[in-house]
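Enquirer: The residues making up each chain are set out below.
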Amino acid sequence: MYYREVIRQMHDIGVGSLIIVFIISLFIGAVTAIQFAYQLDGTLVPDYYIGYVVRDMTIIELAPTITCLVLAGKVGSNMASEIGGMRQKEHIDAMEIMGVNTAAYLIMPKVLAAVIIIPILVAIAAFVSIGGGFIASVPTGLLSGQEFVMGLRSFFMPYNVFMMFVKSLVFAFLLTSISCYQGYNVKGGSIELGKASTNAVVISDIMILLADYLIAVVLI
Amino acid sequence: MIKISGIYKSFGNTPVLKNISAEFQPGKTNLIIGKSGAGKTVLLKLLVGLIQPKEGQIFYNKVDFLQLKKKDLRTLRMKVGMLFQGSALFDSLTVEENIRFPLDMFTDLTKKEKSDRVNTCLNRVSLDGINAKFPSELSGGMQKRVGIARAIVLNPSYLFCDEPNSGLDPKTSLVIDELIKDITIENNMTTIINTHDMNSVMEIGDNVILLHEGEICWQGNKDEIMASDNEILHDFIFASPFLQRLRNAAISNGFQK
Ligand SMILES: Nc1ncnc2c1ncn2[C@@H]1O[C@H](COP(=O)(O)OP(=O)(O)OP(=O)(O)O)[C@@H](O)[C@H]1O
Ligand SMILES: [Mg+2]
Numbered sequence: 376m377y378y379r380e381v382i383r384q385m386h387d388i389g390v391g392s393l394i395i396v397f398i399i400s401l402f403i404g405a406v407t408a409i410q411f412a413y414q415l416d417g418t419l420v421p422d423y424y425i426g427y428v429v430r431d432m433t434i435i436e437l438a439p440t441i442t443c444l445v446l447a448g449k450v451g452s453n454m455a456s457e458i459g460g461m462r463q464k465e466h467i468d469a470m471e472i473m474g475v476n477t478a479a480y481l482i483m484p485k486v487l488a489a490v491i492i493i494p495i496l497v498a499i500a501a502f503v504s505i506g507g508g509f510i511a512s513v514p515t516g517l518l519s520g521q522e523f524v525m526g527l528r529s530f531f532m533p534y535n536v537f538m539m540f541v542k543s544l545v546f547a548f549l550l551t552s553i554s555c556y557q558g559y560n561v562k563g564g565s566i567e568l569g570k571a572s573t574n575a576v577v578i579s580d581i582m583i584l585l586a587d588y589l590i591a592v593v594l595i
Numbered sequence: 057m058i059k060i061s062g063i064y065k066s067f068g069n070t071p072v073l074k075n076i077s078a079e080f081q082p083g084k085t086n087l088i089i090g091k092s093g094a095g096k097t098v099l100l101k102l103l104v105g106l107i108q109p110k111e112g113q114i115f116y117n118k119v120d121f122l123q124l125k126k127k128d129l130r131t132l133r134m135k136v137g138m139l140f141q142g143s144a145l146f147d148s149l150t151v152e153e154n155i156r157f158p159l160d161m162f163t164d165l166t167k168k169e170k171s172d173r174v175n176t177c178l179n180r181v182s183l184d185g186i187n188a189k190f191p192s193e194l195s196g197g198m199q200k201r202v203g204i205a206r207a208i209v210l211n212p213s214y215l216f217c218d219e220p221n222s223g224l225d226p227k228t229s230l231v232i233d234e235l236i237k238d239i240t241i242e243n244n245m246t247t248i249i250n251t252h253d254m255n256s257v258m259e260i261g262d263n264v265i266l267l268h269e270g271e272i273c274w275q276g277n278k279d280e281i282m283a284s285d286n287e288i289l290h291d292f293i294f295a296s297p298f299l300q301r302l303r304n305a306a307i308s309n310g311f312q313k
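Same order as they appear, the protein sequences are chains R and Y. Following this note's numbering from start to finish, the first sequence increments by one per residue and tops out at 595. Following this note's numbering from start to finish, the second sequence increments by one per residue and tops out at 313.
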């Protein structure tokens, strides 16, 4: 019954966040490459390590975490204020009276959509990020294209990709369920709605970082 | 039939309803009247379970409403229609989608059957042809009527209306009152209406309950109002000096009902 709503949410979250995810990952990748090249300067570590480090930093940590922190700000606050507004305008009460299971109807499609689409966004972010690293280091002469690609292909562990998907799945679930909860239980007026939306972002961010730490401890 | 007994509700230390007991019969328009802040909306929300009472019992045809499990409560609620005081239309949906919402949720009707049903309901509230408009494009009174259309779209067994004709002109107000009365009789619904519109009281008041300071201070039907010597009731119904003069004139001319 909620199938169409899930599709709609997937579209909203996915397509709606594509541009910001793209821009941010491009810069994250670029900055990682330049920073690491700077650290390497004057050491004996070979240059192709830049490609390797950009890849692994991105996949293990930056793509899932930064993307989801950003999505908490964009998608999370949006969900909290949407559902919170419906609570305050008695829309949720009206649905309850009709016999609708409002928690399931309003929250479940959002969480489900996020859990499906956010890992895909994260994967895109990882690719773009690596592209960003390439753009920032190869044309500027930090290393050659062959070296960068050689770095990308060195010491590859598929397990890291698995970890990236575990992280993005967990983060997606956390940020949507926390944000929806904040909106669903809002009371009072527009000030409280603003607070709920802020809380959605702040709590999601903290929980994402905490989960990041725990997953790192458990999976590495 | 809905029966309540010993309902007590307070917010913080201020009691809003104290020991309310009443019976609402099907096929009759039950009116709850009382001045602004008397607790009408609170009582209506208690009856549908949006607010929990501190004490008291609510029965829907022998079913103990307050003891219902979540799932059974939802099943019962599919037979409930409610108009909120602020209409509570979904503002990102069109009028048609608003009215169709319960149909989409709970029926397997075809597109055509649904849109026929929506149009029938819109026709009953005299709003033909506004299907594609959004609630924000309607006047307050029109929103009220769309709210009524949405409340009756599933032919409920229980209908709750919180001030269905506030914001309506006297003529439209009468039309809405007639509509509610008609569908109440047609479907043998248990209908409970909050109002402070004295025209409604005098036209469709099969069972009128006056709330005052958290208690029921008068109960009867529209024909008993004139004859009653309850001061609070008269202050409420004949609030304006104009109506008071009318009433005095009627009585001095030997008006008896
Ligand atoms: N959520 C709430 N928290 C605290 N007090 C409340 C709450 N809801 C209602 N009240 C109080 O309960 C009393 C009754 O309110 P209610 O809305 O039932 O009045 P009403 O009879 O519907 O009035 P009106 O005709 O103006 O709609 C008011 O004094 C109000 O302040
Ligand atoms: Mg009210």
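Worth flagging that the hints you see were computed from the coordinates, not collected in a lab. Since this is a predicted model, take the numbers as computed values, not measurements. Hints are supplied without guarantee of correctness; some may be wrong.
[As the list claims (entries may be wrong)] Subject to a maximum C-alpha distance of 16 Å in a straight line, what follows is the list of computed EDC-like cross-link-like pairs (lysine to aspartate or glutamate):
| id | chain 1 | residue 1 | chain 2 | residue 2 |
| --- | --- | --- | --- | --- |
| 1 | R | K464 | Y | E269 |
| 2 | Y | K118 | Y | E79 |
| 3 | Y | K91 | Y | E234 |
| 4 | R | K449 | R | D587 |
| 5 | Y | K135 | R | E471 |
| 6 | Y | K127 | R | E471 |
| 7 | Y | K125 | R | E471 |
| 8 | Y | K189 | Y | E234 |
| 9 | Y | K126 | R | D580 |
Enquirer: If a hint holds in the structure, say so; if it doesn't, say that too.
Expert: Checked hints:
1. Using a Cα cut-off of 16 Å, the hinted pair K464 (chain R) and E269 (chain Y) is violated, with the two alpha carbons roughly 28 Å apart.
2. Distance hint between K118 (chain Y) and E79 (chain Y) is fulfilled; the C-alpha atoms sit about 12 Å from each other, no more than 16 Å.
3. Annotation: proposed proximity of K91 (chain Y) to E234 (chain Y) is violated, straight-line Cα distance about 23 Å (limit 16 Å).
4. Simply put, K449 (chain R) and D587 (chain R) have alpha-carbon atoms about 19 Å apart, too far for the 16 Å limit, and the pair is violated.
5. Distance check on the hinted pair: K135 (chain Y) and E471 (chain R) sit about 12 Å apart at the alpha-carbon level, within 16 Å; holds.
6. At most 16 Å may separate the alpha-carbon atoms for a hinted pair to count; K127 (chain Y) and E471 (chain R) meet this at roughly 12 Å.
7. With a C-alpha separation of about 14 Å, the suggested pairing of K125 (chain Y) with E471 (chain R) holds against the 16 Å cut-off.
8. At roughly 25 Å between alpha-carbon atoms, K189 (chain Y) and E234 (chain Y) are farther apart than 16 Å, so this suggested pair is violated.
9. Between K126 (chain Y) and D580 (chain R), the direct Cα distance comes to roughly 33 Å. Violation of the 16 Å bound is thereby established for this hinted pair.
Violated hints, listed in ascending order, are 1, 3, 4, 8 and 9; each of the other numbered hints is respected by the structure.
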